[in-house]
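One letter stands for each residue in the lines below.
2 protein chains.
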Amino acid sequence: MSLSHVRIVGSGLIGSSIGLALVQEGVAVTMVDSDPRAQALARDLVKSAPSGDPDLVILASPISTISEALKSELTSPVKSGFMDISSVKTKVKAEVSTSPLEAGRFLPSHPMAGREVGGAESARADLFRARPWILDSAGVDPDLRLAGLELISLLGAVAIEMDSRSHDEAVALLSHLPQLVASLLASQLEGADEAWLDLAGAGLRDTIRIAGSSPELWKEIVAANSSAIAPLLTRLIEDSQRLLRGLSDEKVVAEVIAAGQRGRDLIPGKHGGQQRSYTYLPIVIEDKPGQLAALFDECAKAEVNVEDLTIEHSPGQFTGLITLALSEEGAAKLSSHLQEKGWSVHVPR
Amino acid sequence: MSLSHVRIVGSGLIGSSIGLALVQEGVAVTMVDSDPRAQALARDLVKSAPSGDPDLVILASPISTISEALKSELTSPVKSGFMDISSVKTKVKAEVSTSPLEAGRFLPSHPMAGREVGGAESARADLFRARPWILDSAGVDPDLRLAGLELISLLGAVAIEMDSRSHDEAVALLSHLPQLVASLLASQLEGADEAWLDLAGAGLRDTIRIAGSSPELWKEIVAANSSAIAPLLTRLIEDSQRLLRGLSDEKVVAEVIAAGQRGRDLIPGKHGGQQRSYTYLPIVIEDKPGQLAALFDECAKAEVNVEDLTIEHSPGQFTGLITLALSEEGAAKLSSHLQEKGWSVHVPR
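Order-wise, the sequence lines are chains D and S.
Residue numbering for the first sequence follows my numbering, beginning at 148 and increasing consecutively.
Residue numbering for the second sequence follows my numbering, beginning at 148 and increasing consecutively.
Among the hints, a few may not be true.
All copies of an identical chain are treated as equivalent in the list; a pair is satisfied when it fits inside any one copy or across any two copies.
[To be verified] List time: in silico DSS-like cross-link candidates among lysine-lysine, alpha-carbon distance up to 30 Å:
{"no.": "1", "residue 1": "LYS398", "residue 2": "LYS226"}
{"no.": "2", "residue 1": "LYS448", "residue 2": "LYS480"}
{"no.": "3", "residue 1": "LYS488", "residue 2": "LYS448"}
{"no.": "4", "residue 1": "LYS240", "residue 2": "LYS218"}
{"no.": "5", "residue 1": "LYS240", "residue 2": "LYS398"}
{"no.": "6", "residue 1": "LYS238", "residue 2": "LYS398"}
{"no.": "7", "residue 1": "LYS218", "residue 2": "LYS398"}
{"no.": "8", "residue 1": "LYS448", "residue 2": "LYS240"}
{"no.": "9", "residue 1": "LYS488", "residue 2": "LYS238"}
{"no.": "10", "residue 1": "LYS226", "residue 2": "LYS480"}
{"no.": "11", "residue 1": "LYS480", "residue 2": "LYS238"}
{"no.": "12", "residue 1": "LYS398", "residue 2": "LYS194"}
{"no.": "13", "residue 1": "LYS226", "residue 2": "LYS240"}
{"no.": "14", "residue 1": "LYS398", "residue 2": "LYS448"}
{"no.": "15", "residue 1": "LYS194", "residue 2": "LYS480"}
{"no.": "16", "residue 1": "LYS218", "residue 2": "LYS488"}
{"no.": "17", "residue 1": "LYS488", "residue 2": "LYS194"}
{"no.": "18", "residue 1": "LYS448", "residue 2": "LYS194"}
Don't read these hints as lab results, they were simulated from the structure.
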């Protein structure tokens, strides 16, 4: 089969982003929202004039509204299959199983993509590009599964089969626990002396970046997956208590830091596979227009690929330290090239 | 006075970086280390041929060795003042006060700079550029204080006066607690299914980045500042327990996430002062040499200053999503410029 018309129920960040991407790929889209204003906005954004029955209905509304949305969709006869995109799969699967929908006509899925901002206004067609998209297609009608795979492929995402329970446990560990920890840590800053906060460095900033996420979105996700998160949070609290008891014992502290290193080393590098070890090349630049351009010009001239980079600034001053992550060979090539050109590059020794 | 000769006891990352920077500024430096091999390496790196007595002695060895280093320095008559650079101030101040050194001849200080890698090999002269450098000069001889201020100024750092107790409480909150939290969180990944780890996104990566830090370094810092860290870790554990009890209650979860947002908003933006609100411009690029250069070339042509940027990659694919942080005006200017040139830019709506 080939998708020609997709109906998307829910016009938030994910639903609207799917709509935008599908229309770009030549698929007709009907955007639906229980809020008439939101539906009008989404239709205006997505700009599609579909006709006939959809090949696929995507339930893209919040977890708490999925049962209701499904019931409302089923009031008229629908021939296509259904697919959802919510962050917690076992709960949704259980709810759908009690609906009048025939077994096999629902494909639970979860695109592992998002932003710290929500709503159709933040939608973008490339949101899913190169991101994992989990599918639980056990017992699902083969045609519906193929429709799901085609959708994922059109959006540039990477389909990964995983049963719903494993999915929920995986995201509890990799997404929900980190979110709660970042929020709990950031909340400790409330009431701190203002002069202290100026001392915050890149370490703290990175650690609490995702604390900027939406309470509205996350309260549902966490509550819906609380049974998978609870044992993880319990273990983290126990480990924290053990550390607290041994806080003045260097052996206890060293073991916590070492265990953290081991855990961090398990996360694969940017292209999947094993973490690559980069050579980091620090360069001091003036923080003004044109400096980054000039630097990356030199990278291109030296034919060196920048794998990653960080920019560090400091309170009250306008010089920046940019650190490029490069292959060892690239770092050697670029640093001698930059030094010839008079850049303030600090060759790692 | 003007510094002409500084003696640096301890040739790790901080001591060697100070040495490198001072020599660049025309100040003679004597590098000293209790380990003869480390001392030879540091002298080779720093390349200085000092003569006569030092104007200032910097104790740059680990906290646990400072008393010993000071005692050894005092075996020959030293006219200059002493300064340390350790991460915990009250403990060092108390230890020094029991030494034979006259009151006023010791200036406790702490440069808020570091790297996830240590040792003289990782030293760089620009390590302190634009970073805060805390001083506790109450009761310190005015000449020694001036020498300290001159040193900080030569290194390009920003001097900030703060009493030792406030310093220790501030770094407990802004540096030590985040380090422990990142390590505790990262350690939870040990034993996880390998297939799950491929799903890790930028959120998790940022949250545990500093978990890569050295256990050797951190065990001393945490143990020495345990009395300031303990109440913070205790409160964090209590907040975590309250969250655990209410994990399936959306109200409880929403309040934790909202408190995290409030805390994060307290951290000033990159140039100090209040956090600036940027407009974020997402652009999809091919992950190959020359693409970043071409992009920043366009930024320079459009005369737009890039305030910050992030690069996001995904497992198994080689396209990257680069998000530029810009002023609202800059974002409008750049996005129309880039669209004219055919870039895959996604204008925020």
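Here is how each hint holds up against the structure:
Taking the shortest alpha-carbon separations for LYS398 and LYS226, neither the intra-copy value of 64 Å nor the inter-copy value of 39 Å comes in at or below 30 Å. In this assembly of identical chains, the alpha carbons of LYS448 and LYS480 lie at most 30 Å apart whether taken from the same copy (11 Å) or from different copies (27 Å). In this assembly of identical chains, LYS488 and LYS448 lie within 30 Å of each other by CA distance both inside one copy and across copies; the values are 12 Å within and 21 Å between. For a Cα distance limit of 30 Å, the shortest separation of LYS240 from LYS218 inside one copy, 14 Å, qualifies, whereas the shortest one across copies, 70 Å, does not.
When the C-alpha separation of LYS240 and LYS398 is checked against a cutoff of 30 Å, the pair qualifies only between copies, where the shortest distance is 24 Å, while the shortest distance within a copy is 46 Å. In this assembly of identical chains, LYS238 and LYS398 lie within 30 Å of each other by CA distance solely across copies; the values are 19 Å between and 43 Å within a copy. Proximity of LYS218 and LYS398 under a CA criterion of 30 Å is satisfied inter-copy only: 27 Å between copies versus 58 Å inside one chain copy. Taking the shortest alpha-carbon separations for LYS448 and LYS240, neither the intra-copy value of 54 Å nor the inter-copy value of 52 Å comes in at or below 30 Å.
In this assembly of identical chains, LYS488 and LYS238 lie within 30 Å of each other by CA distance neither inside one copy nor across copies; the values are 60 Å within and 47 Å between. For the homomeric pair LYS226 and LYS480, neither the shortest alpha-carbon distance inside one copy (60 Å) nor that between copies (47 Å) is at most 30 Å. In this homomeric assembly, LYS480 and LYS238 never come within 30 Å of each other (Cα to Cα): the closest approach is 53 Å inside a single copy and 46 Å across copies. Within a single copy, LYS398 and LYS194 get their C-alpha atoms no closer than 62 Å, and across copies no closer than 37 Å, so neither meets the 30 Å cut-off.
Within a single copy, LYS226 and LYS240 get their C-alpha atoms as close as 20 Å, which meets the 30 Å cut-off; across copies the closest is 77 Å, which misses it. In this assembly of identical chains, LYS398 and LYS448 lie within 30 Å of each other by CA distance neither inside one copy nor across copies; the values are 49 Å within and 55 Å between. When the C-alpha separation of LYS194 and LYS480 is checked against a cutoff of 30 Å, the pair qualifies only between copies, where the shortest distance is 25 Å, while the shortest distance within a copy is 49 Å. When the C-alpha separation of LYS218 and LYS488 is checked against a cutoff of 30 Å, the pair qualifies neither within a copy, at 67 Å, nor between copies, at 47 Å.
Taking identical chains as interchangeable, the C-alpha atoms of LYS488 and LYS194 lie at most 30 Å apart only when they sit on different chains, with a minimum of 24 Å there against 50 Å within one chain. With identical chains, the CA atoms of LYS448 and LYS194 are never at most 30 Å apart, being 42 Å at best within one copy and 33 Å at best between copies.
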